[in-house]
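Residue-level listing of the chains:
There are 2 protein chains.
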Amino acid sequence: MLFRQLFDAETSTYTYLLADEATREAALIDPVLEQVERDLKLVSELGLKLVLVLETHVHADHITGAGVLREKTGATVVASGQGAPCVDRKVVHGDVVRLGGLEVKVLETPGHTDDSLSFLCEGRLFTGDALLIRATGRTDFQNGDPGQLYDSITGHLFTLPDETGVYPGHDYAGHAMSTIGEEKRHNPRLAGKSRDAFITFMKNRQIPPPKRLDVAVPANRACGRVVEPPQAQA
Amino acid sequence: MLFRQLFDAETSTYTYLLADEATREAALIDPVLEQVERDLKLVSELGLKLVLVLETHVHADHITGAGVLREKTGATVVASGQGAPCVDRKVVHGDVVRLGGLEVKVLETPGHTDDSLSFLCEGRLFTGDALLIRATGRTDFQNGDPGQLYDSITGHLFTLPDETGVYPGHDYAGHAMSTIGEEKRHNPRLAGKSRDAFITFMKNRQIPPPKRLDVAVPANRACGRVVEPPQAQA
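Chains as they are written, first to last, in the working numbering: chain B, 5 to 238; chain F, 5 to 238.
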């Protein structure tokens with residue numbers, strides 16, 4: 005498998021490029037609108053054909069490049085049926101998405117948002133904003149639910165082999181990847197913490213909403229077609 | 005080999021952690037002073053012992069963590085003899101630095117600076133600021149020389165197998181790695197460009213000096229002991 009990690013510094017978002025080296029079919033996971041030209045240039049230079057865009061969830065902190073990529077390449081946009089109406093293929097837990105000879109397994113991991121998916125391919129787990137490195141996604145909007153997030157991580161992710169690579173949707177400290185074993189042992193919100201302790205911690209956090217929430221969520225429900233923010237009420 | 009890529013967003017600097025999974029001996033390549041605590045925490049959480057700090061060159065854009073890491077762990081600081089006087093082990097082209105059962109091969113790749121090294125370990129090439137992704141290091145200070153940089157890259161790096169992974173000291177576009185084959189084909193400064201064309205391009209660039217040049221270079225010659233900048237002349 006050809007694999008690349010890409011970063012959008014403005015929003016600290018990771019995008020991932022996966023490809024079957026034999027068939028040259030490629031997928032992008034969580035592309036960022038402002039980076040579409042960079043990503044397409046890389047796909048072209050590597051001699052690949054973009055056939056899939058996989059979205060882990062409807063993002064609140066950046067606008068997806070999925071819709072523009074679909075227009076430019078004909079790629080199929082894949083995501084949960086619980087999220088954006090604009091997607092082409094709505095998947096559920098246990099589905100397998102084929103990328104040439106590769107298999108991408110879909111895991112439903114709600115809790116950050118109700119539509120959050122993780123994707124597993126060749127020992128690499130793409131966790132979106134469910135499991136982050138030594139952290140987790142927040143749970144205070146978009147139908148987030150800390151108890152559900154705890155169950156998703158402990159039930160569906162921490163049951164994978166310890167050596168599984170963890171590739172998150174964001175990192176703010178300069179880490180690129182982790183492993184399931186590492187997060188089980190060292191994630192301060194989860195290691196040795198009960199479900200109740202996790203819920204209490206998440207509910208007590210006092211953090212401002214994402215700066216672009218009002219723009220990003222409606223835009224991402226349209227696969228990145230930018231929608232004007234609602235007028236502020238007088 | 006255990007491998008991790010780490011990023012300092014303030015200076016867009018990549019630091020690399022390599023370790024022998026059997027002996028747990030670890031090396032950091034180009035650590036950043038402000039990230040020492042992050043890096044030591046990761047080393048500890050992974051059950052590693054830091055024994056080496058490898059510096060690709062005397063940096064002008066950030067201050068190295070090498071000296072502080074040496075004080076805290078007893079690690080040996082390895083670099084070119086052409087650069088910082090503070091290093092413990094001065095290496096030359098063709099030297100092999102052992103890290104447990106791993107071998108790190110030293111390549112002298114001057115041109116960005118006169119002390120620039122690249123390190124090759126298990127198919128991964130750490131190029132410092134000699135070869136960047138679709139770019140190269142600048143050559144306009146610290147005895148930089150565009151002809152020498154062209155010769156270093158084409159003579160010592162582009163002669164490695166095409167599939168060799170390229171891990172640079174910086175990236176400003178969100179790319180994490182490349183390969184020798186990719187850079188031979190797609191690096192706009194080098195692909196199909198003559199030595200003279202490269203020299204002309206590099207000499208005609210009009211870019212401001214690094215913001216922290218006056219602080220970083222003297223500090224890095226002391227392995228990161230911060231030295232006050234010289235007083236501005238009246």
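Since the hints were derived computationally from the structure, they do not count as laboratory data. Be aware that one or more of the hints could be misleading.
In this list, chains with the same sequence are indistinguishable; a pair is considered to hold if it fits within one copy or across any two.
Said to hold, decoys possible - Pairs of lysine-lysine residues, derived as DSS-like cross-links and limited to a Cα-Cα distance of at most 27 Å, are as follows: (1) 94 - 188; (2) 76 - 197; (3) 188 - 45; (4) 188 - 215; (5) 109 - 76; (6) 215 - 53; (7) 76 - 53; (8) 207 - 53; (9) 94 - 197; (10) 45 - 197; (11) 188 - 109; (12) 207 - 76; (13) 197 - 207.
Problem set entry | Identical-chain pair category, residue 207 with residue 53, by Cα at 27 Å | So residue 207 and residue 53 fail the 27 Å test inside a copy (44 Å) and across (37 Å) alike.
Exercise. Quick one: residue 207 to residue 76, C-alpha cut-off 27 Å, is that within a copy, between copies, both, or neither?
Worked result: neither (42 Å within a copy, 38 Å between copies)
Exercise. Between the shortest in-copy and the shortest cross-copy C-alpha distance, which are at most 27 Å for residue 45 and residue 197: within, between, both, or neither?
Worked result: Answer is between; shortest inter-copy Cα gap is 20 Å, intra-copy 44 Å.
Exercise. Are the CA atoms of residue 215 and residue 53 at most 27 Å apart within a copy, between copies, both, or neither?
Worked result: neither (34 Å within a copy, 41 Å between copies)
For this session: First find the shortest C-alpha distance between residue 76 and residue 53 inside one copy, then the shortest across copies, and answer within, between, both or neither for a cut-off of 27 Å.
Result: within (11 Å within a copy, 49 Å between copies)
Exercise. When no copy is named, should residue 188 and residue 45 be tagged within, between, both, or neither for a Cα gap of at most 27 Å?
Worked result: between (37 Å within a copy, 16 Å between copies)
For this session: Evaluate residue 94 and residue 197 at a C-alpha cut-off of 27 Å and name the case that applies: within, between, both or neither.
Result: The answer is neither: 34 Å in one copy and 47 Å across copies each exceed 27 Å.
Exercise. Quick one: residue 197 to residue 207, C-alpha cut-off 27 Å, is that within a copy, between copies, both, or neither?
Worked result: Cα proximity of residue 197 and residue 207: one copy only (15 Å, versus 58 Å across).
Exercise. How would you label the pair residue 76, residue 197 (within, between, both, or neither) given a Cα cut-off of 27 Å?
Worked result: neither (46 Å within a copy, 31 Å between copies)
For this session: Go through the copies and call it for residue 94 and residue 188: within, between, both or neither, with a Cα cutoff of 27 Å.
Result: For residue 94 and residue 188, neither the intra-copy (30 Å) nor the inter-copy (40 Å) Cα distance is at most 27 Å.
Problem set entry | Alpha-carbon proximity context of residue 109 and residue 76, limit 27 Å | Result: close within a single copy only, 26 Å intra versus 44 Å inter.
Problem set entry | Intra- versus inter-subunit Cα pairing at 27 Å for residue 188 with residue 215 | Intra 31 Å, inter 41 Å, cutoff 27 Å: neither.
Violated hints, listed in ascending order, are 1, 2, 4, 6, 8, 9, 12; each of the other numbered hints is respected by the structure.
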